[in-house]
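A.B. asks: Could you build all of it, start to finish, from the sequences and the hints given here?
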Amino acid sequence: MIWPVILLATLITSFISGIFGMAGGLMLMGVLVLVLPVAGAMVVHGTVQSVANGWRAVLLRRWIDWRVIAIYIAGSAAAFALLFSLTIQLPEAWLFIVLGLVPALIWIPKKRLELDARKPVHAVVCGFSVTGLNVVAGVSGPLLDIFFVAEGVDRRMIVSTKAATQVISHGVKIAYYIAPALAAGAVPQPLWLLAAAPLATFGTTLGARVLHLMSDVQFRNATKWIVTGIGAIYVIRGLVLLA
Numbered sequence: 002m003i004w005p006v007i008l009l010a011t012l013i014t015s016f017i018s019g020i021f022g023m024a025g026g027l028m029l030m031g032v033l034v035l036v037l038p039v040a041g042a043m044v045v046h047g048t049v050q051s052v053a054n055g056w057r058a059v060l061l062r063r064w065i066d067w068r069v070i071a072i073y074i075a076g077s078a079a080a081f082a083l084l085f086s087l088t089i090q091l092p093e094a095w096l097f098i099v100l101g102l103v104p105a106l107i108w109i110p111k112k113r114l115e116l117d118a119r120k121p122v123h124a125v126v127c128g129f130s131v132t133g134l135n136v137v138a139g140v141s142g143p144l145l146d147i148f149f150v151a152e153g154v155d156r157r158m159i160v161s162t163k164a165a166t167q168v169i170s171h172g173v174k175i176a177y178y179i180a181p182a183l184a185a186g187a188v189p190q191p192l193w194l195l196a197a198a199p200l201a202t203f204g205t206t207l208g209a210r211v212l213h214l215m216s217d218v219q220f221r222n223a224t225k226w227i228v229t230g231i232g233a234i235y236v237i238r239g240l241v242l243l244a
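Each position in the sequence shown, counted from 1, maps to that position plus 1 in our numbering.
Keep in mind that the hints were calculated from the coordinates and are not lab data.
We treat Cβ as the ideally placed atom computed from N, Cα and C, and that holds for glycine.
Please note: incorrect hints may appear among the correct ones.
So the derived label-pair ranges between C-beta atoms look like this [what the hints assert, rightly or not]: (1) Ala-180 with Asn-222: 36 to 44 Å; (2) Leu-35 with Arg-210: 24 to 32 Å; (3) Ala-176 with Arg-210: 18 to 26 Å; (4) Pro-199 with Glu-115: 35 to 43 Å; (5) Ala-71 with Ala-180: 21 to 29 Å; (6) Val-6 with Glu-115: 37 to 45 Å; (7) Val-241 with Leu-9: 19 to 27 Å; (8) Arg-68 with Ala-223: 16 to 24 Å; (9) Gly-230 with Trp-67: 34 to 42 Å; (10) Val-122 with Lys-225: 35 to 43 Å; (11) Lys-225 with Pro-5: 30 to 38 Å; (12) Ala-244 with Phe-203: 37 to 45 Å; (13) Ala-233 with Ser-86: 31 to 39 Å.
C.D. replies: See the structure below:
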């Protein structure tokens, strides 16, 4: 009965992702860690999020900044090489704690950092740090946002390019965890993954329609408090597991 539950969670969290972006991915990661070994949760989460972000990137492909993507890949490759040499896998308790702390990044006054993924050095740092956090914690949306807050940038360029970078980061995560996930028998049959793909796409599409009904202020405020609330629950869960 695990995989039907995962498919339902995929549909619901993809819908939430279509509205609030990172909140859906954060929720899905928490659900997966509850029902699967950490490595299996990382692989399934990476697969579902790759589909959702890939579909978003395809829909907005004409606005993707491919120069940023090319430089981002260099940073991602460096992160993968470093992590592969260290072989990091957090225990479930610490994974929940780190997951819960990631949303705190959303409260950083981003404009004061003056980070811009369009700058080559910043793009490399973005690829390295975002991919590294994604592999260790499973999610990295709040950190990625810090590199895409420059003034005068088309929102479609931001959404499409961020989606493309997430496909890369989740791909690295899948490659990193696939061997231990297979060893634990926690990788689903291809049929389940085929079922998850359209659910992720459908949920994201429905959520995007709801997003159009919200104002920018409503969206920003709701996103901050939702992901912060989820983060607090995860930290408490992790501390309980450590007790």
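A.B. asks: For the range 31 to 39 Å, tell me whether the beta carbons of Ala-233 and Ser-86 fit it or not.
C.D. replies: 34 Å, holds
A.B. asks: Does the Cβ-Cβ separation between Val-241 and Leu-9 fall within 19 to 27 Å?
C.D. replies: 25 Å, holds
A.B. asks: Please test the hint of 35 to 43 Å on the beta carbon pair from Pro-199 and Glu-115.
C.D. replies: About 41 Å separates the Cβ atoms of Pro-199 and Glu-115, which means 35 to 43 Å holds.
A.B. asks: Confirm or reject the claim that Arg-68 and Ala-223 have a C-beta distance inside 16 to 24 Å.
C.D. replies: 33 Å, violated
A.B. asks: Does the hinted range 37 to 45 Å hold for Ala-244 and Phe-203 at CB?
C.D. replies: 40 Å, holds
A.B. asks: Do Ala-176 and Arg-210 keep their Cβ atoms within the hinted range of 18 to 26 Å?
C.D. replies: Cβ of Ala-176 to Cβ of Arg-210: about 33 Å, so the range 18 to 26 Å is violated.
A.B. asks: Confirm or reject the claim that Ala-71 and Ala-180 have a C-beta distance inside 21 to 29 Å.
C.D. replies: 28 Å, holds
A.B. asks: Is 24 to 32 Å respected by the C-beta to C-beta distance linking Leu-35 and Arg-210?
C.D. replies: About 29 Å separates the Cβ atoms of Leu-35 and Arg-210, which means 24 to 32 Å holds.
A.B. asks: Does the hinted range 34 to 42 Å hold for Gly-230 and Trp-67 at CB?
C.D. replies: 36 Å, holds
A.B. asks: Could you say whether the range 35 to 43 Å given as a hint is met by the Cβ separation of Val-122 and Lys-225?
C.D. replies: 29 Å, violated
A.B. asks: Does the Cβ distance between Ala-180 and Asn-222 fall inside 36 to 44 Å?
C.D. replies: 42 Å, holds
A.B. asks: For the hint 30 to 38 Å, verify it against the beta carbon of Lys-225 and that of Pro-5.
C.D. replies: Roughly 32 Å apart at Cβ, these two residues keep to the hinted range, so it holds.
The structure is inconsistent with the numbered hints 3, 8, 10, although it conforms to all the rest.
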